[in-house]
Each structure stands twice: as structure tokens, then as C-alpha cells.
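Model the full assembly from the supplied sequences, consistent with the hints where possible.
Top to bottom, those sequences are chains A and B. One point on numbering: in my numbering, the residue at position 247 of the first sequence is 289, and numbering is uninterrupted. One point on numbering: in my numbering, the residue at position 59 of the second sequence is 101, and numbering is uninterrupted.
Simulated from the structure, these hints should not be mistaken for laboratory data. Among the hints, a few may not be true.
Quick partial rundown of chain A residues pointing at chain B, CB under 7 Å, derived from the structure [as the list claims (entries may be wrong)]:
hint : residue
1    : 73
2    : 91
3    : 92
4    : 159
5    : 168
6    : 170
7    : 211
8    : 260
9    : 288
10   : 291
11   : 292
Listed below are the simulated DMTMM-like cross-link pairs for lysine to aspartate or glutamate, each with C-alpha atoms no more than 20 Å apart in a straight line [unchecked claim]:
hint : chain 1 : residue 1 : chain 2 : residue 2
12   : B       : 228       : A       : 304
13   : A       : 183       : A       : 298
14   : A       : 283       : B       : 298
15   : B       : 297       : A       : 115
16   : B       : 228       : A       : 115
17   : A       : 206       : B       : 282
18   : B       : 287       : A       : 298
19   : B       : 283       : B       : 231
Quick list of simulated restraints, FRET-style, between CB atoms [as the list claims (entries may be wrong)]:
hint : chain 1 : residue 1 : chain 2 : residue 2 : range
20   : B       : 269       : A       : 202       : 39 to 49 Å
21   : A       : 84        : B       : 191       : 33 to 43 Å
22   : A       : 234       : B       : 118       : 25 to 35 Å
23   : A       : 202       : B       : 195       : 48 to 58 Å
24   : B       : 276       : A       : 202       : 42 to 52 Å
25   : B       : 191       : A       : 302       : 53 to 63 Å
26   : A       : 170       : B       : 290       : 31 to 41 Å
27   : A       : 269       : B       : 197       : 28 to 38 Å
28   : B       : 191       : A       : 252       : 24 to 34 Å
29   : A       : 195       : B       : 118       : 31 to 41 Å
Idealized CB from N, CA, C, for every residue including glycine.
Protein chains: 2
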Amino acid sequence: MEQQDKIILIGAGNVAHHLAGALLKAGENLCQIYSRTLDTARQLGMKTGISYTAELNEIYPDGDIYIFCVSDDVLPSIVKTIRVSENALLLHTSGSQPMDVFKSYSKYYGVIYPIQTFSKKRELDFREIPLCVEGNTVSVKERIKELAERLSDKIYEINSAQRKGLHLAAVFANNFPNYLYQVAGKLLENKGLSFAMLRPLIFETAHKVMLLNPEEAQTGPAKRGDESIMNMHKSMLKGDKDLLKIYTILSEGIKEMQNKEETGEQKLSQDIIDMPTLW
Amino acid sequence: MEQQDKIILIGAGNVAHHLAGALLKAGENLCQIYSRTLDTARQLGMKTGISYTAELNEIYPDGDIYIFCVSDDVLPSIVKTIRVSENALLLHTSGSQPMDVFKSYSKYYGVIYPIQTFSKKRELDFREIPLCVEGNTVSVKERIKELAERLSDKIYEINSAQRKGLHLAAVFANNFPNYLYQVAGKLLENKGLSFAMLRPLIFETAHKVMLLNPEEAQTGPAKRGDESIMNMHKSMLKGDKDLLKIYTILSEGIKEMQNKEETGEQKLSQDIIDMPTLW
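Structure follows, in C-alpha cells:
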């Protein structure tokens, strides 16, 4: 039997937490977990039963694959500091860092970028998470792809420039909507109402675009061009300049998209699936 | 056996479409559907097997309950025009119109406002949709509540001012996130990538706040205060002033929420539920 690659995980945050679980579930040979913070390292180490350290010079130098799940600002300095064998494969999981961050440190390197939002508290099916892979040579990419395929069913090959754009898009699709949920919760609180009232709406808003395109799914006053409702909403937000600005600029955006659609400027994408009718 | 109320549905748009289905499923006595547009009236009439009309003067004057599912700008004029018996109960389903729009036209009136986004193409379980009820007297409210309870399991009693705030919050929780999905899709298209890549992320973003609060669910560069990533994103958006503005103001909003939380200013709501751990 072929010997399994020794995998070292650098980082013990949200991504590392989920990736460690996925690696173990896939039967990979995860050997060690490093985190700058001993507590965090210990937490994930204890949970997985994998040995852990908070000392850079204790990281095993004979690993076959090092996966860096650390924040973008510390990645370069950690890569520079740790000692690895010259044949080690170096990977990171960042949406924004170019693959070439590893260039001076190994012959074999690449990226596995998961398009997902991770929190330690939240369980996820890793096989459903899209993984974007990139490698510095064709054969390295194949090797990374094989690893990725043991973890997930959704593998995309993209380059560093595409990944950067994807990461930006992910901010618009995840961080910003989540912030708007927070704003909505605040508006409800002001009226003595509970965030729970909006949960079915939020759920459906996301579910709708699992099959429809967002342009088809859009409803509401800006889409209908209902100026009197929009003016009423703006006057309700008079006391909060920032929210008023957000309301105005996003409503304008919706109106513009709508106009483009009506004039046929905005082409609809091809993956529209006709939904079954109601009864 | 008590005779069932004769229900007339005024409107045949997205809301009427779903409400008609829910009424029939609940065994209610839906008698007639009106729409200004004959095609739309016919469509819903044929689908439900209920008689339909596009003529205001053909609306049955002997209905017990008239439910107005029309856009806010035409509601007052339709209410003014149609003839109904003096004991009829008049209801609308609008998030923004005050209940008193009916005041001069009946002794019995109120509101059933569904907190949901409706599209004809999209099937929904109406029993899961929160319905906000309001009535001009206690007994009228009870009567509306009983009807609402035959349609849904989630009934809230709120007043017109609360409903207005709720509707504004719904715009932030639904229309705006959906618009941001559209923007994300556009950003991907620019890189030759497909919107489908973001679907699991969008799905998880919504699912996360079904149990967590949005402040707990937040991730990303603004939350981490990662200025170098944010600056990179802003430079990527240089060519599109509107998107740059949206990126900047929403990132600022996230940073502010984060600061408030760290200084303890922002109190966390009580309905945090601890999620099961990963393994």
C-alpha cells in the first residue's frame, strides 16, 4: 500500500477547524496542527486527537503537505519562517493571496480555496463546499485536485486573478447580506419586534436564487418603481444618515438593473430553470 | 353546519396567487378573483377553477370577506370604487398601507400581512409564512386571526406603525441582499465564472442566521478589520463608482457594528442558540 501524505495544518481558526474535520472524515493522514495561540491550537488538537503546537520551530519539518489556513496578513511571514523539506507541497486556502506567495519557498505549491463562510459553531457538509484549486504546474494541480476531490464533490480549477474576483463577489454575496440582516434586526428592535419574524423571509430569499436568477427573484418597491413607498421609507430613515444612504444607493441599483432588463440591455443568464407551478 | 364566509380576492398578482392557493388548501370558500388585467385574472381563475373578472362592477357585492392584494398605489382607488355590503369585512395584505385606508368604507376591516417574498414560479409552504394581523376592533381582530390561523402556523398581532417598520426591515432583509446577489453574479461574469459557484455560500449565509444572530454569523475582511484586503477590493472596484460606494459604506457599517460589539455597546439579543459542535 502506498504511504499516505503527512499533512500539517497551519492555523486553527474557522477554516482550519472545518478543514481538519473534512481531512479526518476522508481518512487523510493529518499529523499536526499549529496555531500562534496555544489555546486555539489545543482546542482543535483536543477535538481532533491530533498533536498540536504553538511553536513555529516545533512544526514537523518532514511533512508532505502543509496547508496554511491563516489570515492573509500573517501568511507571508509564517511561510518565510517555517522549515519544510524541499519536496513539500505548500497550499493555502485564502481567497485573496496569490499562489506565488510560496514561490521562493518550494518547488510545489498551490491553493485550495473553499467558497464558504465558516464559523466554529456551525456544522457543514464539506462535500457540498465548492473548492477552487490552483497549482504551480500541471502535475501539482492534478495532485491538489485529487486531494480536493477526496474532500468535496464540487471542484473548480481557477487562476489567481479569478480567485480574487470570486473572493470580492463572495463579500457581496455573504458579508454584505449578513450585515443587512443585522440592520433589519435593528429596525425591528426599534419597533419592539423580534428578528425571528424575518427568518422565513431570509430563508426564502436565499432559496429562491438556488434555482432562479436574482433578477428573476427580485420583488419590492424599487423593482416596482414605487416612489411613494420609497419616499416613505427614506423619511423613516431620516434619523440615521448611514442607513438612509444604504437604502438610497441600493434602491437606485435595483431600479437601474430593472431598467436594463426592460430595455434588454441586461442579458439573462442561461441557467434559468422553470419552477413547477403552485398546484 | 355554519355557512362559510364568501371570500372575494381583489388582485391576481404574486401575493394573490399564493393566497388563493392557501385559501383553497384550507377549504375556504373562495368565490371570485378580480384583476384589472383580464389575462392575469383569467390565469389565476383557470388555475384555481374560481370565477374571475376584470370588471370592477362585476365584483360580487354580497361577499363576506374582501381581501385586497393589489399594489399600494391603486389600493385606495379600488377600495373607493367597489360596492360591498355594509357588513363585509375588508382586508388588505400590504406592508405599508395603514389599516385605516378602509375606515370610510366599512365597519369591519383589518390587515393580513404576509412577511414573505412571492413569485408565481416559486412554490411555498404557506403554513410557514408569518402572517401579521390587525383589526379595527378586538372582535374583528379575533375573526381575522381565526382566518389567518387556518392558513398559517405563524401568526403575529402587530399595529400599523409596527407593520411599516417591519416592511422596511423586510426590504433590508430581502430586496437588498437579492440585489447584492445580482452584483456578485455580475462580478463573477466579469471573470468568466458562473453564479452557481456562489450558491452554496448564499444558502449557508441565510441558514446560519436561522439559529445564530447575524452579528455572530459575520465573517470577512471588514469584520476582521483587514484594511489591506479592503483596499485591494476597493481598487478592483475603481471602474464602477456605484459598486465602490456600496462596498465602502457596507464595509464601514460592518466595522462599526464590530466596534460596538467589542466595546459591549451593542447588546446581543437573547435568542442565541448554541449550535452542536462539529464532531
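Okay, the hints, checked on the actual structure:
1. Taken as an interface hint, residue 73 of chain A does not check out: its beta carbon lies about 18 Å from the nearest beta carbon of chain B, beyond 7 Å.
2. Among the interface hints, the one on residue 91 of chain A is violated; its C-beta lies about 10 Å from the nearest C-beta in chain B, farther than the 7 Å criterion.
3. A cut of 7 Å between beta carbons decides the hint on residue 92 of chain A: the least distance to chain B is about 12 Å, and the hint is violated.
4. The criterion of a C-beta within 7 Å of any C-beta in chain B is met by residue 159 of chain A, whose closest approach is roughly 5 Å, and the hint holds.
5. Taken as an interface hint, residue 168 of chain A does not check out: its beta carbon lies about 10 Å from the nearest beta carbon of chain B, beyond 7 Å.
6. Taking 7 Å as the C-beta contact cut-off toward chain B, the hint placing residue 170 of chain A at the interface holds, the least distance being around 6 Å.
7. Of the supplied interface hints, the one on residue 211 of chain A holds, with its beta-carbon coming within about 4 Å of a beta-carbon of chain B, less than 7 Å.
8. At its closest, the beta carbon of residue 260 of chain A sits 5 Å from a beta carbon of chain B; the interface hint therefore holds under the 7 Å criterion.
9. Interface hint status for residue 288 of chain A: upheld, as the beta-carbon distance to the closest one in chain B is roughly 6 Å, under 7 Å.
10. Against a cut-off of 7 Å between C-beta atoms, the interface hint on residue 291 of chain A holds, since the closest Cβ of chain B lies about 6 Å away.
11. Below 7 Å, beta-carbon pairs count as interface contacts, and residue 292 of chain A has one with chain B at about 5 Å; its hint therefore holds.
12. Note on residue 228 of chain B and residue 304 of chain A: the hinted pairing holds, with a Cα-Cα distance of about 17 Å set against a maximum of 20 Å.
13. Restraint check for residue 183 of chain A and residue 298 of chain A: the C-alpha separation of about 41 Å exceeds 20 Å, so the hint is violated.
14. Distance check on the hinted pair: residue 283 of chain A and residue 298 of chain B sit about 14 Å apart at the alpha-carbon level, within 20 Å; holds.
15. For the proposed pair residue 297 of chain B and residue 115 of chain A, the alpha carbon gap of about 18 Å is at most 20 Å, so the pair holds.
16. Our distance criterion of 20 Å between C-alpha atoms is broken by residue 228 of chain B and residue 115 of chain A, whose separation comes to about 28 Å.
17. For the suggested pair residue 206 of chain A and residue 282 of chain B, the alpha carbons sit about 17 Å apart, so the restraint of at most 20 Å is met.
18. A C-alpha spacing of about 15 Å is found between residue 287 of chain B and residue 298 of chain A, which places the hinted pair at or below 20 Å, so the restraint holds.
19. At most 20 Å may separate the alpha-carbon atoms for a hinted pair to count; residue 283 of chain B and residue 231 of chain B meet this at roughly 18 Å.
20. Checked against the given bound of 39 to 49 Å, the beta carbons of residue 269 of chain B and residue 202 of chain A, roughly 21 Å apart, lie outside it.
21. Checked against the hint of 33 to 43 Å, the C-beta distance between residue 84 of chain A and residue 191 of chain B comes to roughly 52 Å, which is inconsistent with it.
22. At roughly 28 Å, the beta-carbon separation of residue 234 of chain A and residue 118 of chain B lies within the given 25 to 35 Å, and the hint holds.
23. Separated by about 49 Å at the C-beta atoms, residue 202 of chain A and residue 195 of chain B satisfy the suggested range of 48 to 58 Å.
24. Hint check: residue 276 of chain B to residue 202 of chain A, Cβ distance near 19 Å, so the stated range 42 to 52 Å is violated.
25. The hinted window of 53 to 63 Å between residue 191 of chain B and residue 302 of chain A is violated, with their beta carbons roughly 43 Å apart.
26. About 32 Å separates the C-beta atoms of residue 170 of chain A and residue 290 of chain B, a value consistent with the hinted range of 31 to 41 Å.
27. Checked against the hint of 28 to 38 Å, the pair residue 269 of chain A and residue 197 of chain B passes, with Cβ atoms roughly 32 Å apart.
28. At roughly 30 Å, the beta-carbon separation of residue 191 of chain B and residue 252 of chain A lies within the given 24 to 34 Å, and the hint holds.
29. A beta carbon spacing of about 54 Å between residue 195 of chain A and residue 118 of chain B contradicts the range 31 to 41 Å that was offered as a hint.
Checked against the numbered hints above, the structure violates hints 1, 2, 3, 5, 13, 16, 20, 21, 24, 25, 29; every other hint is satisfied.
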